[in-house]
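Construct all of the structure, not just a fragment, from the sequences and the given hints.
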Amino acid sequence: MPLRIPTPFLDLEATLDGGQAFRWRCVDGAWEGVIGDRWVRLRQEGGDLLAETATDPGDGAWLRHYLGLDDDLEAIVRTFPDDPPLRDAVQACPGLRLLRQDPWECLASFILSSTKQIVQIQQCVALLCDAFGEPIPGPAGATSPRAFPTAARLALVTESRLRDCKLGFRARYLAAAAQAVDAGRLDLEALRGLSTAAAREQLTGLPGVGPKIANCVLLFAYGRQDAFPVDVWVLRALRELYFPRRRPKPRTLQRFTETHFGPNAGYAQQYLFHYIRNHRPTETRLS
DNA sequence: GGCCAGGTGTACC
DNA sequence: GGTACACATGGC
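No gaps in the numbering here: position 21 of the first sequence is 207 in the working numbering, and each next residue is one more.
Derived from the structure by calculation, the hints contain no laboratory data.
Honestly, I wouldn't trust all of these hints.
[What the hints assert, rightly or not] Think about it this way: if two alpha-carbon atoms lie no more than 20 angstroms apart in a straight line, the pair counts; the simulated DMTMM-like pairs of lysine to aspartate or glutamate are:
(1) K398 x E320
(2) K398 x E444
(3) K398 x D417
(4) K302 x E444
Next up, the structure:
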């Protein structure tokens, strides 16, 4: 029997396939993916979310947590500054939620993300999981899905074999991160008890992890609303929507992201990211 | 073939 | 302090 969860606003496609996580795919109108060691197939029906699993789903608290279903989106949106860009961005996709991912999977995935398109990140993650992930129970008759490879497993893999997963120059960075986590030099669970700034400092101590990737991990895994990842898309959104015909310095933009968007700035960032990628076509937009 | 992609590290001024 | 470029790889 699938788990049935009454759901508030939830846009599954925008949430699962919007550049936060890289393992979800849509099959016959349902979203299939892996959360920790569980394979799951998600579908919306009426006002409910239906979750089909291969093992006992329990009360589904793990799924509610992952999807951020306890976030009160209406209350969050009310904390946003009342400006046209954010109004439009929220209006365009009112069910977009921030995920709460496993920190290691999130860190590893975003280490792969630098100067790659989202479809290519998805491809790399799939290759990594196929090569190094542990098989887990899946739907009957299909090949076993796999968990995301642990840091301990990847710490033993040669850089050359990581490059086989098309990681390019990022292979060295992933290997270093896996070794740091496996050896305990970086304690991802302990970051939960640190301030955002202190946690960011720990993350950016890894080679290949700068402020952008660290902020993605802080936001998409730890739910830190004071983390505001600025990538090429968000930069474009800030410039076009908030500083048109001006040439703001990076320092100005950073100050703006830290002060303008309020206590749920991380959520605001995700709405802007989704909006600029999907609802404001430009010549350089991907089709 | 040139440009771009959910960037970062390094070498310069 | 800032700015330019290399770094692998694939899509368009």
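Evaluated hints:
no. : hint        : in the structure
1   : K398 x E320 : violated (29 angstroms)
2   : K398 x E444 : holds (14 angstroms)
3   : K398 x D417 : holds (7 angstroms)
4   : K302 x E444 : violated (26 angstroms)
Checked against the numbered hints listed earlier, the structure breaks hints 1, 4; every other hint is satisfied.
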